[in-house]
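Trainee: Fit chain B to the supplied structure of chain A, relying on the hints for placement.
These protein sequence lines are chains A and B, in that order. Mind the numbering: the first sequence is residues 42 to 151 in our numbering, read in order. Mind the numbering: the second sequence is residues 119 to 236 in our numbering, read in order.
If you're looking for bench data, these hints aren't it; they were derived computationally from the structure. Every residue gets a Cβ at the ideal spot worked out from N, C-alpha and C, and that includes glycine. Please note: incorrect hints may appear among the correct ones.
Here are the computed lysine to any residue pairs in the SDA-like style, where the Cα-Cα straight-line distance is at most 20 Å [to be verified]: (1) A:LYS147 <-> A:GLN81; (2) A:LYS88 <-> B:LYS141; (3) A:LYS147 <-> B:PRO159.
Distance ranges between label pairs, derived from CB positions [as the list claims (entries may be wrong)]: (4) A:SER119 <-> B:GLN161: 22 to 30 Å; (5) A:ASN138 <-> B:TYR145: 20 to 28 Å; (6) A:PRO48 <-> B:GLU207: 20 to 28 Å; (7) B:LEU129 <-> A:SER67: 40 to 48 Å; (8) B:GLY181 <-> A:PRO55: 38 to 46 Å; (9) A:GLY120 <-> B:PRO132: 47 to 55 Å; (10) B:ASN170 <-> A:GLY100: 27 to 35 Å; (11) A:THR95 <-> B:GLN161: 22 to 30 Å.
The chain contents come next:
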Amino acid sequence: QSALTQPPSASGSPGQSVTISCTGTSSDVGGYIYVSWYQQYPGKAPKLMIYEVTKRPSGVPDRFSGSKSGNTASLTISGLQAEDEADYYCSSYAGSNTYVFGTGTKVTVL
Amino acid sequence: QVQLVQSGSELKKPGASVKVSCKASGYTFTSYAVDWVRQAPGQGLEWLGWINTVTGNPTFAQGLTGRFVFSLDTSVSTAYLEISSLEAEDTAVYYCASRHIPWAFAVWGQGTMVTVSS
Numbered sequence: 042q043s044a045l046t047q048p049p050s051a052s053g054s055p056g057q058s059v060t061i062s063c064t065g066t067s068s069d070v071g072g073y074i075y076v077s078w079y080q081q082y083p084g085k086a087p088k089l090m091i092y093e094v095t096k097r098p099s100g101v102p103d104r105f106s107g108s109k110s111g112n113t114a115s116l117t118i119s120g121l122q123a124e125d126e127a128d129y130y131c132s133s134y135a136g137s138n139t140y141v142f143g144t145g146t147k148v149t150v151l
Numbered sequence: 119q120v121q122l123v124q125s126g127s128e129l130k131k132p133g134a135s136v137k138v139s140c141k142a143s144g145y146t147f148t149s150y151a152v153d154w155v156r157q158a159p160g161q162g163l164e165w166l167g168w169i170n171t172v173t174g175n176p177t178f179a180q181g182l183t184g185r186f187v188f189s190l191d192t193s194v195s196t197a198y199l200e201i202s203s204l205e206a207e208d209t210a211v212y213y214c215a216s217r218h219i220p221w222a223f224a225v226w227g228q229g230t231m232v233t234v235s236s
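Bound-form chain A, shown alone (with noise of 0.2 Å):
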């Protein structure tokens, strides 16, 4: 199973919109709803942020926005903030009981 493809880095001011890719097959994101999205912080525990796709879990700010189009699926933070600056995962399910992620995003804030 490959890791999903995931830009290395994006930036973007406070305020602004940056978006982030997660390129997988029919196998994995293309065939599933199961996709999610994970913030890690240096030295820290990854933080669930999205799953099923769109869906927020509990606490995490809706500047946070997720979306799937064929074997693609995006996340978006709008109105970018300093506290946003992490790296960032998305994972899917793959079948069988398996699960992959991707190979991960570093967000930088300007």
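Mentor: Coordinates of chain B only, in the frame set by chain A:
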């Protein structure tokens, strides 16, 4: 509150074994699966597999060798990851996570650093 607490850092020599624990609290342990994820230094997240906390049945990521074992002790609400014949490439932070939200890793342990070095 709902939490997963993992055992402390480990320093092991190549060829040795290590057992990492993940203790759950704040919920019924057998209600949710436990997944294992690792992150090598400076690298991304890698899903290793999961264990069904009701049946104890493990599922491993494709390509994961037989050196990895998932187990449970439901009497103490704890999941374990054991790695044998450790190699330098096993050096990583190992996380446990549980799917309190279906199909997503909603609750995470704090991570356990395993260093393999002679």
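Trainee: All hints, please: hold or fail.
Mentor: Hints versus structure:
A threshold of 20 Å between alpha carbons decides the hint, and for A:LYS147 with A:GLN81 the separation of about 9 Å falls inside it, so the pair holds. Our distance criterion of 20 Å between C-alpha atoms is met by A:LYS88 and B:LYS141, whose separation comes to about 18 Å. For the hint linking A:LYS147 to B:PRO159, the alpha-carbon distance of about 15 Å falls within 20 Å, and the restraint holds. For A:SER119 and B:GLN161, the hinted distance range of 22 to 30 Å is satisfied, since their beta carbons lie about 29 Å from each other.
A:ASN138 and B:TYR145 have their C-beta atoms about 22 Å apart, which keeps the hinted 20 to 28 Å range intact. Judged by the Cβ atoms, the range 20 to 28 Å given for A:PRO48 and B:GLU207 holds: they are separated by roughly 26 Å. Distance hint check for B:LEU129 and A:SER67: the Cβ-Cβ separation is about 43 Å, which falls inside the suggested range of 40 to 48 Å. Distance hint check for B:GLY181 and A:PRO55: the Cβ-Cβ separation is about 42 Å, which falls inside the suggested range of 38 to 46 Å.
Judged by the Cβ atoms, the range 47 to 55 Å given for A:GLY120 and B:PRO132 holds: they are separated by roughly 49 Å. The hinted window of 27 to 35 Å between B:ASN170 and A:GLY100 holds, with their beta carbons roughly 28 Å apart. Under the hint 22 to 30 Å, the C-beta atoms of A:THR95 and B:GLN161, about 28 Å apart, fit the expected range.
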